[in-house]
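Chain order of the listed sequences is Y and L.
When we follow the numbering used here, the leftmost residue of the first sequence carries the number 1, and every step to the right adds one.
When we follow the numbering used here, the leftmost residue of the second sequence carries the number 1, and every step to the right adds one.
These are calculated hints, taken from the structure and not from any lab test.
One or more of the hints may lead you astray.
Under the rule of at most 20 angstroms between Cα atoms (straight-line distance), these lysine-lysine pairs were calculated in the PhoX-like manner [unchecked claim]:
{"#": "1", "chain 1": "L", "residue 1": "K13", "chain 2": "Y", "residue 2": "K273"}
{"#": "2", "chain 1": "Y", "residue 1": "K162", "chain 2": "Y", "residue 2": "K3"}
{"#": "3", "chain 1": "Y", "residue 1": "K246", "chain 2": "L", "residue 2": "K13"}
{"#": "4", "chain 1": "L", "residue 1": "K11", "chain 2": "Y", "residue 2": "K270"}
{"#": "5", "chain 1": "Y", "residue 1": "K273", "chain 2": "Y", "residue 2": "K125"}
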Amino acid sequence: MLKLALAGNPNCGKTTLFNALTGSTAYVGNWPGVTVEKREGKYKKAGQPINVVDLPGIYSLSPYSPEEVVSRNYLLDEKPDVIVNILDATNLERNLYLTTQILETDRPVVIALNMMDEVERRGDKIDAAELSRRLGVPVTEISALRGKGIHELMKVAQEAAKKPRAAFSVLQEGELAPAVEAARKLLETHGTDNPLFHAIKLLEGDELEVKNHPDEAGELEEIRKRCQNETFGDDFEALTADARYKYITQNLASVQHKAERKEKLTRSDKIDKVLTSRIWGIPIFVAMMFLIFHLTFAEDFLYLNTFYGVSVQGWETWWEPGSYMIDGGIPSPGVLLQSCLIWCTDSLSALAASGLANAPAWVSSLICDGVLAGVFSVLSFLPQIALLFLFLSILEDSGYMARVAFIMDRIFRKFGLSGKSFLPLLMGFGCSVPAIMASRTLEHDKERQMTIYMTPWFSCTAKMPIYTAIAAAVFVGNDDLVVFGMYMLGMVCAILGALLLRNTVFRGQTAPFIMELPAYHLPQAKSLFVHLWDKVKKYVVRAATIIAASTIVLWFVSNFDWSYHMVGSIEDSIIHDIGSLVAWIFYPLGFAHGAYGWVFVVAAITGLIAKEEVVSTLTVLGIAVGKLAEDAAEATAIETLFTVSGISSPAVIAFMAFNLLAIPCFAAVGAARAELGKGRGFKGALLWWTASAYVVSMLIYLIGSYWWTVFIFAALAAAATALIVLWNKGKIKLPARGKKAAQEGGDKKAS
Amino acid sequence: MPIMLAPVGQKVKIVAMSLDAEVKKRLTDIGVAVGADVEVISNSGGNLVLDVLGVRVALNRDVAMKIRVA
């Protein structure tokens with residue numbers, strides 16, 4: 001089968017084209033570095049299917065970050081039958097820089113000028129035929145977004161794949177020609193594949209190349225010395241770059257004719273004047289995030305009830321009493337949708353209960369109190385998750401996220417992270433797994449590792465139900481503030497954690513911030529909803545499989561005793577014994593106290609498998625506990641549980657904080673292991689998550705319960721900080737003790 | 001002068017970049033190369049947005065201090 005690789009600059013539309021060609025729904029975002037892995041799909045509209053490979057975006061064939069290595073290795077080692085080099089035609093010159101390098105390989109190449117519709121809209125013109133003549137490869141015009149010209153592109157590519165192509169370099173003309181030719185001959189006699197490409201990379205001093213060709217090093221040094229220049233000295237890399245750019249401006253740029261611009265600043269520039277401004281940038285971002293949370297979680301929309309007394313009477317009695325809505329304000333769209341769904345699932349549960357009235361007690365208990373209750377409790381958050389996800393996707397798709405990285409850079413830098421690590425972290429709001437993978441776009445190892453450590457603290461959509469369910473049960477009326485507060489707590493912990501790690505185990509420089517800011521565009525409804533649908537589907541599947549299965553297990557251990565007899569009271573059940581056995585570990589965190597403290601312990605432990613489990617565990621066990629309580633008729637299982645257990649507010653917050661910070665879930669742990677390897681980095685991550693969750697929750701509980709302990713912890717934190725500072729300055733040499741104190745110190749500050 | 005101090009909205013030419021080889025390479029690949037004409041679009045406390053070949057590139061202060069323009 002024909003193998004076709006899509007290569008090009010980041011954010012030039014490779015994945016959009018890939019989706020259009022293969023009918024896939026791979027995620028597209030408007031910032032550089034969305035695709036971090038190669039992706040394969042099939043194009044079926046040609047005579048025989050074509051294997052299309054979407055590669056991470058690259059600026060050159062000398063890679064800089066791990067995901068770029070993927071692209072280069074694919075192009076060189078896998079030898080695709082044809083490379084389709086996609087250019088953002090609105091930035092022709094910069095995009096051609098990569099083209100000059102791709103042409104140095106000996107693979108057939110086709111150039112696709114993408115975003116031609118935008119070029120036309122601006123009134124510019126590009127002479128594709130002339131460009132094709134000058135570069136010696138076919139050039140086609142496409143618009144990946146509108147699906148224009150893509151089938152023609154595939155036809156041209158199929159034709160091109162049949163003919164071998166000789167490698168060609170723009171450096172073969174001009175003053176570098178003798179050096180390039182000498183190096184090429186040298187490699188050719190050594191029998192290297194792609195001699196021209198490797199010759200140039202070796203002359204440029206590309207790290208990967210030099211490692212792979214130790215034999216030729218001496219001779220190349222000679223060749224390089226012969227070719228010095230006043231401006232660049234013996235910096236061959238800068239010399240070749242300059243030669244490439246010069247060639248592009250002198251020989252290629254003339255194929256385009258730009259219309260006169262009425263204004264120098266583009267629309268994006270004008271928007272950026274506000275959104276990235278020194279004073280307004282960050283407040284606008286925070287306000288936007290709050291608005292998103294408010295739209296999703298608030299029960300008193302726009303605080304109309306609080307401030308103006310606007311209220312809707314009786315809307316909450318459309319459906320069954322007992323839905324957790326409070327009286328008063330207009331609910332936000334998220335809450336409204338959620339209560340509709342709850343009404344549906346409640347009706348279904350009631351239907352099931354009446355249908356099973358004559359069945360044996362254990363059957364109706366398994367189905368109603370076990371599976372349905374557990375799965376529905378998880379599902380009921382679907383509308384809010386979908387809405388939150390939609391809002392974040394809109395921000396990503398518009399191009400705003402790249403700006404956020406830029407404005408956050410100033411703050412993040414103080415804590416030892418570059419603004420670039422904010423992008424994977426923000427993706428963490430959706431799901432930690434792709435977010436951890438996205439950390440590949442970071443150039444520095446230590447920064448990448450730290451970002452992975454912090455990613456789960458940007459609460460994913462599976463953690464959200466924990467906060468929402470608990471806030472609705474315990475902090476009635478302040479739901480959105482509590483949920484927002486938990487999200488903020490995660491971010492604050494991440495920032496302080498980064499500061500701590502930077503000064504202890506991950507010392508080193510922060511990577512510089514260099515990032516292309518894409519032009520803003522309106523989000524594409526189709527891609528938004530495809531992406532949203534994908535997310536919703538995954539969540540439902542998870543609820544129907546892993547969550548359903550584990551609720552059955554949980555139902556069993558909470559309804560049977562060790563001799564497999566059904567129990568009347570949960571106090572005799574298997575889970576009660578197991579929970580009580582390990583509860584002491586969590587005593588300092590507050591939530592393990594009391595007759596039902598073990599329930600929270602069990603919930604927190606099941607949460608280590610998947611965060612959705614926490615809510616389903618609380619629901620299933622809450623029902624069992626509720627049977628013991630008398631006044632539980634009206635409230636939901638979780639509300640009953642919190643009322644009956646008599647848990648204090650600081651302990652509730654400590655419980656949420658523990659779930660926020662502890663080991664995220666099996667899937668995220670797997671992703672972290674894939675990125676960090678099996679070694680110290682990965683073990684460190686597990687230790688880091690566990691230790692910080694424990695310490696922060698403990699501090700929340702202790703300080704919340706006994707405010708004066710704040711002085712003790714402040715003193716300890718100050719002492720630890722002093723130790724770290726002294727240690728870093730080399731004044732004291734107690735590495736072991738210093739580290740331990742550091743751990744405590746930072747987590748303390750985090751609370 | 002360092003590009004940090006270049007007036008906003010005026011074309012300048014990059015004459016030198018005293019940065020690590022790796023950072024320099026990244027800048028060069030993205031278009032901010034020695035010999036390139038660039039324009040500072042915005043400058044907030046040394047953090048710059050540049051116009052390079054029609055592309056907007058954001059740089060932080062530390063980098064912007066080490067790029068000299070004329």
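Tested hints:
no., hint, in the structure
1, L:K13 to Y:K273, "violated (24 angstroms)"
2, Y:K162 to Y:K3, "holds (12 angstroms)"
3, Y:K246 to L:K13, "holds (14 angstroms)"
4, L:K11 to Y:K270, "holds (19 angstroms)"
5, Y:K273 to Y:K125, "violated (29 angstroms)"
Hint violations for this structure: numbers 1 and 5, all remaining hints satisfied.
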